[in-house]
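As given, the protein sequences belong to chains A and U, one line each in that order.
In this text, residue positions in the first sequence follow my numbering: the first is 1, and each later residue adds one.
In this text, residue positions in the second sequence follow my numbering: the first is 1001, and each later residue adds one.
A few of these clues could be false.
Label-pair ranges, simulated between beta-carbon atoms [stated by the list, open to error]:
#	chain 1	residue 1	chain 2	residue 2	range
1	A	461	U	1152	52 to 60 Å
2	U	1029	A	291	52 to 60 Å
3	A	19	U	1101	49 to 57 Å
4	A	352	U	1068	50 to 58 Å
5	U	1140	A	245	42 to 50 Å
6	A	461	U	1029	25 to 33 Å
7	U	1041	A	6	46 to 54 Å
Anything over 12 Å on all C-beta distances counts as not near chain U; from chain A, calculated [stated by the list, open to error]:
#	residue
8	85
9	103
10	248
11	260
Chain U side only, calculated, beta carbon under 10 Å to chain A, not exhaustive [stated by the list, open to error]:
#	residue
12	1013
13	1024
14	1035
15	1040
16	1042
17	1091
18	1123
19	1130
20	1150
21	1154
The set of hints was computed from the structure by calculation and includes no laboratory data.
All C-beta atoms in this analysis are idealised placements derived from N, C-alpha and C, irrespective of residue type, glycine included.
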Amino acid sequence: MGDFFSNLVLGFGVALTPVNLGFALIGCMVGTLIGVLPGIGPVATVAMLLPLTFYLEPVSGLIMLAGIFYGAQYGGSTTAILVNLPGETSSVVTCIDGHQMAKNGRAGAALATAALGSFFAGCFATVLIALFSPPLARIGQSFGAPEYFSLMTLGLISAVVLAHGSVIKAIAMVILGLLLGLIGTDGHTGGQRFTFGLVTLSDGIGFVPVAIGVFGVGEIIANLVGGAERRSVVQARIKGLWPTREEFRLAWPASVRGTVLGSILGVLPGGGATLSAFAAYALEKKVARDPSRFGKGAIEGVAGPESANNAGAQTSFIPMLTLGLPGNAVMALMIGALTIHGIQPGPQVMTERPNLFWGMVASMWLGNLMLIVINLPLIGMWVQLLRVPYRLLYIAILLFCAIGTYTISNNTVDVILTAVFGVLGYIFIRLGCEPAPMLLGFILGPLMEDNLRRAMRISGGDPMIFVERPISLGLLISAAALLLIVALPAIRSKREAAFQEN
Amino acid sequence: MQRAAFRILTRSDVLAGLMFMGVGVFGLWASQGYHVGTAVNMGTGYMPRLLCWMLVVLGAVIGLQGVLANGAVSTDGDASRWRPLVFVPLSILIFAFTIERLGVVIATLLLVAVGAFAGRGLRTLEVAATALVLILFTVAVFVWGLGLTIRIWPEW
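Chain U on its own, in the form it takes in the complex (with noise of 0.2 Å):
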């Protein structure tokens, strides 16, 4: 039985319905101090609490949809390929939080190195290789062809 109302959890319908309306629910929440006015006098609060009520009610509609439907598609099932959820994205944080300090050379380096733990398959010379070509192409182009100004190397 749980077994069961875990699958139907699981769906991506209800599962979406849930996001909607978990968005409305914080949004309706972050914004309750916000003055809202009248139509004539719109406040700052007047769109943002409209919008995040129609929210809430779609996602209503949109999970109860999921719950009723009968053979949906569950979304559960490959939890195992976690990996570029969590390497993807964190190969970019480290490329933000990297580019201003230590230059353009050494966060490439580290996005290719980081990002490539996302990938199946990996080989290491490969990796080194696509990082160098990618550091040449990006200095070549980015900072001497167009001239944006980012920092190459670090600050000594």
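Extracted from the complex, chain A is given alone in its bound form (with noise of 0.2 Å):
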């Protein structure tokens, strides 16, 4: 217990100098930004300013994208509360009941309900953060190579499984993934591999372009295609955040457990912001006196699903941070963030790098309170840039994806796979293929590859090695037992859906 105080005491005095909490203030401010404004995620972003952090300190660069990523969950729900338009997909349930309640003139208590939802579960999950990173980090330090690869197997799987749509597409996804991490000069015989005589690709593609590509440029060409968005700014001033007593004694038990299943759902790969929220909302339902209330603008609605994505956007960097395995594709541009820099990682950047661990940490909490004040006293300023209508400000993020990857290295080859990944990005986007187990594919391959040839080694080739291990066997079984759930609820909808046909 010593140690969690001299610990956090240790992370306060990295996170409170002038630099990093101007960083973090930058983070939280782009990302209630992007939050806000639907058509830009956290990923395309976070891979757009990872260019500028490599002149940064580590620490500073990671903190501040560390705010994007969580200063998003709480932009996103403005939006959805007073546009009905989700800032971002872990808030597409906020606006079932928060855009309701808006209509009923309650706007001011849905965001202030979902932004001290959210302040609740950010600080809570700071405090799991800094409790379980140690003992997980320490279990992680024993682990060897074949451990390795088949935590990341584990980690792919429940990527797989837990993300939206047709498993089998995901799980091409992340073949693919990892056969594009496999372009450039392989490090352990020195072969050419997919470079067609390219210079230019012999040293692999960089994640930065690939991330640009499909979330950012992607996405743009899938909504213009999609066609123009209507927007409906609820008009009306927001007026009074407080919500009532009645309001207050609905929601903060529904904030309580959406912060307690936000956090466990963040800490699995694939898990995160958006499965927290959706889960949140289905928990809400059950567990309310009277369902027939969601839908017509019920606060824990608002309040279950707003702490839950909080909760789980923070708590998905535990395995990031103590094990070096990313559970979703912000995670993983984080991991090449890490690599950048020179930095390995895995269990021992908390032993190594303390400054940077707890100083992460300490800014999380400190980021959550910037974003408390951003968000609620705020609020009209945000209100307003919902204004900019859409045709103006794709052009703007067209803009920062082809600044972002050419400031990467000054190299306009990165600029061109941009545009190359952005094709594809929406061809992935128009057959239902999720680009995010991908991104994840495509940062683990290199480490896969190199875990599994060196377990080979060991073993002399024999497979056997991977079921031998106690441990290395319990995180397959894992992996095995996750398919086969999601293999038997398939199976019973698809003939469900047979059945309709007749």
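Dock chain one against chain two, each of which comes alone in its own frame, and use the hints as you go.
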């Protein structure tokens, strides 16, 4: 316990320096901004700003990038409540009851509930990270190559299982990502893979052009093809931010439930903000005494999901920071950022760079504090932003995509790749293939191959090594169990659909 | 009959399956010269070829599911909306090919001008104003503020 406090003191020492406070603030502001604006999400934004962090101290860069991710969870609810349009995918369910509350003249209460719920969830999740990361990292330190390979397999499988949409397509996307990650020079043999004699490809393709292309440019094409969205900002002035006593009585237990659920789901690979929000909404509907109130402006439908998505966003840092295992696309980019700074992601980060780890944890709590100020008193400013029409906004996003990739290393090939992956990203969206598993595979690909090779060296080419080691076996069994579980209801729902056809 | 076959072909699962199989086959073709090696001593081609085979198999399963599925969603029907698909990537490519020689001001101008064709309801004055604001923002923030080495004006 003494350790816990001395670590926190160390963390706040790092996070409270003016520079790091400044970057946390920038991250939270940018996060809120892109959270409020539909059509651009945290993945594309983090990828765009990544090149800028090359010039910063690693801890400052990570503090800013983290702020973008959880800041977006705050901002997303504003748009959901006021415009009935999810600013982020994790706010989709907030639209249902949040916008209804706004129509009933309770916009202020809905916004305050979302922000206060998120703040509570953020504080809780930060404590969880501080408590559970050290023991997890200690377990991680005993891992060898076979365990790491199995862990990554489990990570990728559960990312696939928990993503929405077709499981088999998601698996194919993971493999596509792994394959893209192999492009370039093979580190073990020095052989060239899929470079087609092009010198620029011998270093492989960077993850920033892939992420910006697929999540930034691809999104834009899909939005434009899909046609103009119509926005109706609730015009009435937001009066009275405070919930009534009755609203508060209903909201706080929902917020607690959402926080706990989101914290658990966030740790799982593939979990994170979006899944947490959906699960929390379903939970609230189930425990409510009168479920028919949902869809008509039930405050629990805002408090639960909004707390859950922020909790989930934050606890998804736990596997990334302790094991080097990214659970979602943003965490995959964080791993990439660490690697660029020359930090090998994994359990040793916490012991070798305690100021980086604890500084980030402390900054998360401070960031949540900033966000509540950014989002409640300054709400009017963000509402104004919603009046910028998409036909102007997408041009700005497009430009930042181009500049973001160019500034990685002033290399025009990266910009060209962004355009290529933009088209691919659009194709993926049209064909119903989730791009997030591909990015995870892309980032984990080289690491997985490396660990597989080492495991095979240890065992002399015997794949039984993965089931002979207890931890590795346990991880693989969990992965198989996950696949089995989704296979069952999938079969059931398919059959149901077939029956309906007749 | 031909129409029905075409409708099956344009189902998103069928197309996705074909895409994955296509990538897999292409990868197998491209990696045919790679040294595969053994499990103990993996060569350059071991992982790529393994993954390509997995893609081919998965693609076949996905495509078959699409063919067999009843009432699957077809993706055809909006071929008229090709503009974003052409002008969005084109604007980025133009940016890529002009930034080094002509500088960020002209590259941004071109990106905005070409990119604007991707949207609907194009208004010349509005686009011009957007371009101006974005150019000022870019130069102020990225070049002056962050001190990135980006050429501002063309090399005379």
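**OP:** Check the non-interface label on residue 85/A: least C-beta distance to chain U beyond 12 Å or not.
**Re:** Fine: 18 Å to the nearest Cβ keeps residue 85/A off the interface.
**OP:** Go through the hint on residue 1123/U and say holds or violated, using the shortest Cβ distance to chain A against 10 Å.
**Re:** holds (8 Å)
**OP:** So, residue 1130/U near chain A? Judge it on the closest CB pair being under 10 Å.
**Re:** Given a least distance of 5 Å, the restraint on residue 1130/U holds.
Original post:
Does the CB of residue 1024/U sit less than 10 Å away from some CB of chain A?
Top reply: holds (9 Å)
**OP:** Indicate whether the distance between the beta carbons of residue 352/A and residue 1068/U respects the range 50 to 58 Å.
**Re:** holds (53 Å)
**OP:** May I ask you to test the interface hint for residue 1042/U with respect to chain A, counting a Cβ-Cβ separation under 10 Å as satisfied?
**Re:** holds (5 Å)
**OP:** Confirm or reject the statement that residue 260/A sits farther than 12 Å, beta carbon to beta carbon, from all of chain U.
**Re:** holds (37 Å)
Original post:
Can the suggested window of 25 to 33 Å be confirmed for the beta-carbon pair residue 461/A and residue 1029/U?
Top reply: This hint holds: roughly 27 Å between Cβ atoms.
Subject >> Hint check, residue 1150/U versus chain A [nearest Cβ-Cβ separation less than 10 Å] >> reply: Hint holds; residue 1150/U Cβ to chain A Cβ min 7 Å, cut 10 Å.
Original post:
Are residue 1013/U and chain A close enough, Cβ to Cβ, to be under 10 Å, as the hint says?
Top reply: This hint holds: residue 1013/U lies near chain A, its Cβ roughly 7 Å from the closest one there, short of 10 Å.
Original post:
Is 46 to 54 Å right for how far apart the beta carbons of residue 1041/U and residue 6/A are?
Top reply: With a Cβ separation near 48 Å, residue 1041/U and residue 6/A satisfy 46 to 54 Å, so the hint holds.
Subject >> Check on residue 248/A being off the interface with chain U, judged by Cβ distance over 12 Å >> reply: holds (42 Å)
Going through the hint list in order, the structure does not satisfy hints 3 and 21.
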